[in-house]
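J.: All chains should be modelled from the sequences, with the hints used to inform the complete structure.
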Amino acid sequence: MIKSVMVMNTQGKPRLAKFYDFQPVEKQQELIRSVFGVLCGRADNVSNFVEADSIFGPGTRLVYKHFATLYFVFIFDSSENELAMLDLIQVFVETLDKCFKNVCELDIVYNYSKLHTILDEIIFGGQVLETSSIEVIKAVEEISKLESASNAIALVSKSVSGWRSR
Amino acid sequence: MAGTSIMETLFQRDLDDLIKGIRQQQIKESLFISKAIEEIRREIKSTDLPTKSAALQKLSYLSSLHGADMSFAAFHAVEVMSSPQFFYKKIGYHAVTQSFNDDTPVILLITNQLRKDLNSSNQFEVSLALECLSRIGNVDLARDLTPEVFTLLSSSKVFIKKKAIAVVLRVFEKYPDAVRVCFKRLVENLESSEPVILSAVVGVFCELCLKDPRSYLPLAPEFYKILVDSKNNWLLIKVLKIFAKLATLEPRLAKRVVEPICELMRRTEAKSLLFECIRTVLSSLSEYESAVKLAVVKVREFLVDDDPNLKYLGLQALSIIAPKHLWAVLENKDFVIKSLSDGDYNIKLESLRLLMSMVSESNVAEISRVLINYALKSDPEFCNQILGSILSTCCRNLYEVIVDFDWYASLLGEMVRIPHCQKGEEIEHQIIDIAMRVKDVRPALVHVCRNLLIDPALLGNPFLHRILSAAAWVSGEYVEFSRNPFELMEALLQPRTNLLLPSIRAVYVQSVFKVLIFCAHSYLLHKENISSVNTDNLASEVPESVFARMSCENSDFATSEAPASSEQHDSFNPRNINQSFGDLSIENGGDATVSNGQASTSASLGRNSFTHESIVNLFNIVELALGPLSRSHDVEIQERARNVLGFTDLIEQEILNPVVQGEENLARAETEASRVVKLMCDAFSEELGPVSTSAQDRVPVPDGLLLKENLADLETICGDIQLPLSSSFSLSSTPLGEAVDISRTNLQSKDETEPSHESTSLLAEHRKRHGLYYLASEKSEGASNDYPPANDPMSQDKLNDDAEDLLKLTEQSLAPKKKPNQAKPRPVVLKLDGDEISIAAKKPELKGDLLSGVVQDVLLGNDGVPSSSRSNRSENLSGKSKGKEKLSTDLSLETKENVPGEKMPDHVNTSSRRSKHRSHGKERRQKGQGKDGEEKEDNGQKEKRKSNHHRGKHKAHQRADEPLNVVAQTPVIPDFLL
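Protein sequence lines correspond, in order, to chains A and B. Numbering-wise (my numbering), the first sequence opens with residue -8 and increments by one. Numbering-wise (my numbering), the second sequence opens with residue 122 and increments by one.
Hints are not guaranteed to be accurate.
Unchecked claim - Quick partial rundown of chain B residues pointing at chain A, CB under 10 Å, derived from the structure:
no., residue
1, Ser184
2, Leu290
3, Trp355
4, Leu361
5, Asn738
6, Asn741
Hints were generated in silico from the structure; no laboratory data involved. Note that beta-carbon positions come from the ideal geometry of N, C-alpha and C, so glycine has one too.
T.: As structure tokens, then:
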């Protein structure tokens, strides 16, 4: 089972944090900080695995990937394969890339809820349900359509605020 | 009203605005966030849904990424989630899923909303509800929504079905009785042609198997089919994980799967799948020689790969197999050793672990030597990793791998001198531990400790203070092995000891006391000898610069040690003690002196260092150094310092002023003094043994002792007493009585230090042979300069040298596993019954899990009377019977696979077996076999459905059932397998 997914930038600012076991918010922040503490000290050409027993308890493993200014981190237990998780990070990032057309950190900063929608289609309650980015994008697009159809008012307010900020 | 809500909506910041705001306010982020939360608190109370939901969305964002508390919004989240519009519903669900847990009170309110959404015709609403259930589902939700989940399990939409399958995991975990309802449908899906569904259901079984594999053994044929037929790597990985668990339970199953797995290993291109195969073989199929060999070949491919990930996993695979097939590690030792200098910390660590797994008593010395040299050149973190693993490997099972403890003592000493050493606590513990357990090591250990104590530089490193404390204790406790007590005293009193923590300083002072008493005692003995030989000689002792003489390592010290200790043994002679306490007359005292003198005249020649001058000097330094300490603010130091000063006051005049008094008075006074000294010496010479951890349990609790009082504040009082100091003496009160008591109790153990003769001569012999390991005292400071400075950039050739070193040593000592011809037998290591010799592998507690009980029940077709009101529903029953039919076809399929030709008879066979199960149900119950117990238990479970919390008596009942359960099972499983 996957315990947690985190995306953070190279300064340690979290961009996405999802815990599949309930954690109080203070604990979440602490975990994010300690993960960053481990990751920021690692060179680029080293392995993508980190021993995370001290952070998440025995038996947990941590796999991460570094893209541009972001770290993508998956934390999981013995029922997942390390290399498969690495592939899954790849799937996640590819999906983001397709959804946002050349994804960059800013896309991830401003599309908080879409990010969650995408992730939820890949990982469901800690289990990997979909590994094809095409299927994920299909579902995400339908959800977006449904959202905007039911959200006339929200759209108005958004355009107003956009106008105001100009 | 409407107007205000529009205004609110128009001028509310939405999530994007919030994010922009945070990004602009780099400096006062926290201030900005707290302001935003104020705003949210206002907005979220709005009656206008868009405003409310925007506020909720902002709050979820702040909570998730900035740690804001959102518990106050729980009710609002429920409101937003019940909106009919998908956009708001999704925000509401996101907030609920993210923030709710079992302690959220309003979780009770969402059951109906979830049920409504699970029944929705919109698949995305269903999906939201399922996601929510899978994350926050508790006992009540799982129980109440089981029927909905059951319905969704047969949904025609793959999108829903896969999520319904995945949610079953949470439902089963929280509400095991759901197994009766949903399990058959879950199993059906193992036959699904839809790969997504199949991988979801296998994923669920993989999780279930990890918790309790035994219950799922009957499903092995289905998994086997997937293993053989599937081409999907994700799926295969999960199936392999399941077989890794099942194969350890059922050897026949292992035999069946080993070939397909090897086939996969040969065939597959995917590294992830290949690694999973390797791991499965190495962890669960390690009896199959050919499979292991193939796996090790593949591991080697990983090791030589350029990808550090593969290298790392390859090393991990080796450490899985190391305990069972060490040859696999030895075969790859060159890679392991090379990896020790890899740039990747993980890889270094893994190879260090592997290297330690190769350690045996024949090569421990050499591996440690190379590693220590390596540690000197490593960064601090890895250096301490190395030291830590050497320490933990060596002390494993009471120093099982150590034969030569003198070497080990010197190794500990060397570790301390490594600049980055931070292993103070472990080394402290081990020094004291081996000192107490291994009698023969004491002389060498005292020597090592002395080298540590006299080095003022070590006092500057706070990481080493605990080691120094151990060294001080050992030096004091076993001062009789010290070659030069005067030098030791100076080391213990050097000015830089004020850098130590008070608790450690107290140990130093206590050791000063012991050394002082030892010196005084030796001096008196010595003088008595002299006087018995020639009384006139006494005053004319040649005054000499004692310390100059002591500090040069006199070669005959080694030889003088043995007589010195023998001299001491004589003084422990019960006769002497009885005499000196029983009769105070000078005549008798004289007798004692004579008897002592006879024994130690030979010694007196070598041991002429305890001159009057030197003793006076000694007393002077002690008084000078401890005077200020007697006013210390720390009570431990103060008390101990005063003890020492009290002692010096008591005997100083009598010992130290011989000129003032006449000859006879002198003799008399000295006898008085020697009595005191002897008493003290006896008190201190009682051997402190290691104490079993269970010792306290064996002490009966005295009547009337109340142990239930709150002792929480005791910790603060005792906090700074950490060291195992046995006793502190208060001299000012009744020194004699107390000391006598102690010496009486000592009488039995007096002969314990006897073997020191042999041990010291052995030591000398040992030094001749292993001179290498002993840094001569003058050289000790200089010796550390031989090592390159810690952070010296390591030249590559040097590094290779190291690697070659290790390679060589592994070739010599690892390959042939013959015992080295030991010149010296392994000394006795004192063991206590409290010490656990091996890490008694905790028996995997047979999980009398609620879940497994129900699963086994369902799988073996042994449905009990459905007692929960819910399971009486018609829908439910139909599902159940349907499931049963399905199971029987499953059975036929699996048999078909094994015996392709005989389809029909098999079918008959299985269906008849099914009916047998049914009809035998009652019989079994009467026989009272395992099944019966299980069933009763299940009924019991239903009666107290939430029995997770109060299992008490119930649990005991289960336990008792367990073995029966297993016995009853074993004849059943093979039928399923073959």
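J.: Evaluate each hint against the coordinates.
T.: We went through each hint and held it up to the structure:
| no. | hint | verdict |
| --- | --- | --- |
| 1 | Ser184 | holds, 6 Å |
| 2 | Leu290 | holds, 7 Å |
| 3 | Trp355 | holds, 6 Å |
| 4 | Leu361 | holds, 9 Å |
| 5 | Asn738 | violated, 53 Å |
| 6 | Asn741 | violated, 52 Å |
Of the numbered hints stated above, those contradicted by the structure are hints 5 and 6, listed in ascending order.
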